[in-house]
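Enquirer: Make a model of the complete structure from these sequences and hints.
As they're listed, the protein sequences go chains A and B.
Take 1 as the starting number for the first sequence in full-length UniProt numbering and just add one per residue.
Take 1 as the starting number for the second sequence in full-length UniProt numbering and just add one per residue.
No lab work stands behind these hints: they were computed from the structure.
There is no bait here: all hints are sound.
Per the computed footprint, the stretches of chain A lying under chain B, defined by three or more beta-carbons under 8 Å from a beta-carbon of chain B, are:
(1) 182-192
(2) 259-269
Facing chain A, according to a computed beta carbon distance under 7 Å, are these residues of chain B, among others:
(3) Asn-42
(4) Leu-262
(5) Val-358
(6) Val-389
Backbone N, C-alpha and C fix where the C-beta goes; we use that ideal spot for every residue, glycine too.
Protein chains: 2
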Amino acid sequence: MGSPPRAGRDRSGHQYAGSGKTLITMQTGAEPADLADVRITNLAVVLRHVRAHAPCSRADIAAATGLNKATVSSLVADLIDRRLLRETGLTENRIGRPATMLVLDGEPYAAIGIEVSADQLSVVAVDLGGTELLNWRRAFTGQGGTGTRAVSSIAALANRAIGRLAAQGRGVLGLTVGVPGLIDDAGTVRGAPSLGWRDLALGAELRRALRDPAFEVVVENDANLAVLAEHRHGPYAGTANLVHLAAGAGIGAGVVADGRLLRGGRGFAGEIGHLCLDPGGPRCPCGRQGCLEALAGIPALVRRVLADSTQDGPVTDFAPELERVRTRARQGDRRALEVLAEAGRHLGHAAAILGNLVNPEVVLLGGYFVVLAPWLLPAAEAELTARTVAPDAGGTRLAASALGPGAAAVGGAARALAMVDAGRLPPAPPT
Amino acid sequence: MGSPPRAGRDRSGHQYAGSGKTLITMQTGAEPADLADVRITNLAVVLRHVRAHAPCSRADIAAATGLNKATVSSLVADLIDRRLLRETGLTENRIGRPATMLVLDGEPYAAIGIEVSADQLSVVAVDLGGTELLNWRRAFTGQGGTGTRAVSSIAALANRAIGRLAAQGRGVLGLTVGVPGLIDDAGTVRGAPSLGWRDLALGAELRRALRDPAFEVVVENDANLAVLAEHRHGPYAGTANLVHLAAGAGIGAGVVADGRLLRGGRGFAGEIGHLCLDPGGPRCPCGRQGCLEALAGIPALVRRVLADSTQDGPVTDFAPELERVRTRARQGDRRALEVLAEAGRHLGHAAAILGNLVNPEVVLLGGYFVVLAPWLLPAAEAELTARTVAPDAGGTRLAASALGPGAAAVGGAARALAMVDAGRLPPAPPT
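Expert: Written out as structure tokens, the structure is:
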């Protein structure tokens, strides 16, 4: 933008040509936003200090954080009660009375993530240190099944995982379910075309099916969870500005901006699949024209490469076709290479939209795109550079995700761990 | 997205079918990210408490925050030294020794924001309470002038403002300069087409011209500052997810997501002007085709409505033409109404891209768009709804900005205030 609208200068009701008027009417700033959050912040500070400096004493913590000893004692008592910290022996290596040393515990906990897709469910559980405790998959019928049956299947898998963890003496920190669709803040799936779901109150129904557990049950868009997994795990862990752009039956994006998941006002951020890249492009099943999914989605891509193959109705499991596409590309089949390069250009265009608007450090191609990445990336990179306004593509790179299948399940578990890091304590563990 | 890539399951190097593997390799979480930030966080907590509960005593603060009394005393001493707090009389209305009560001070401070546009400079100063202390404009030649001359002009205006504030006994909290262009994290203008600037180290040169002042001198994209102004001031103050989409010589966007400015990896977020909305659309001066600016920018719009007008070379001050466009629209001129409706559709398309990717609660049309909003909004709203994947346009509304000219100057001042709110203390005030 450039200069302000002079033409409006005499007409706007919001002139401030004079002085002495109150101009800034709101104070906002850094967290903690609320003094009621102070204890939560302080719990996080104590956990963080122990994570970095264990073993350490209560006095060490008080000295380092400025919290008073009574407060530290109370916070530590809470953390020991929840078995997030534990006491080790005494140390004598100091002046005065020997101090009891503290280390991280967390042994009795696990976080569970479940990923729902059109043809399978994946479940992953990890402990507080990030070690994987279990990783299962089972077949699942999304499309065609009813919402009630889906809830039962997910709850059954969750219960099996909870049971296995209980047998290990572990309580559950939280359960997060990733779904390819629009999820509102209440955990209701407003729409998930690849599953045929619409306005399914998955969060509420799962909580009911699990008999109102003491832990949090959260439903979140699968790409949003996958990007949390990228942010915590793998070669781009810790990258503050990061996008996971992935293909399943559709295309979705999850965005981490300045270290935090970008959710937007109602949790619908990252809906990249139906951006119109070409108003004259092919018709999309959504009714619009030239959507990214219609141009570079796996179904469109498979259909174009395997124009000779017979198809009977919609396919939810693309693996066999995808393997054929890959084989042809490897063999240098011209049609396959052309289709993949064209899809790559459209993905590069989508990456450039993200680059211009969100300016991530990296856009990771995930899901089905991973296996096609060698043929998608060159065209995508060229397009990203050409379409980004900032020099050097604004520093945005494209790469294939290194996370295997089930990234959203891993991200679901990561979400629950992040809650604890932030000082939101889990319910008391099993005794 | 849907199910994960089965085809890749056997080939990925990142399988975690087994158990016991460390999966989550990084711990990230809520702020404060670093224990070194604890004092800053605590200063912010104390300021916030006093803002909400003044007058209050040191003991009140300690009780409410869990900070120990010695820490509170030390923090309060710092804040009194900087004259951000001051002591009032004693209160006797309590058990025990009467306590000294604290209230906010901040009287001796001002924050300065300067907005640079193609034809003028605006400067605004506000005190810590948000009251406007001065608001000046002066003519300015961006295009055609040299960087050195521009730096001198901006520094001269800043010095005049600083002098005026000094005469009032006020020190400067910070100076923020908004520029319509790509600004990197070092405050270098990487490119500002409407000013003809390229790789101008504006931040460094301004600091030098101001003789390395004790306060922060920050250069930021003007739309990023304008959205901070929206976030603090006016009808949408406090809206956590907010976009300011404004026209000057070009089109820029500033995004606040979850209460924070979205800057991206290198500070280039919000570059919406050259998103391609129509690959077959008109050629843009940037060399691309069908850019938002080429379709709905003020120069394009003026040219189309006033096809009969003679133009000699590039215009930087659009006010007279814009007024003629508005007059024609008011008179019901068919061509004007058609051109504005078409521009509105493209703005709605751009808003839908923002809606799908960032899901803001509101997209505010600012800058030159404000005076044209009555004719732009109806078409823009229809397009936004049609192109947003989430129901009910994902809750995203479109509206005209209520901020007058100089929104980026106001936002620049707001940025410096936010630093203090966050516990980043200013240099000691004049005595």
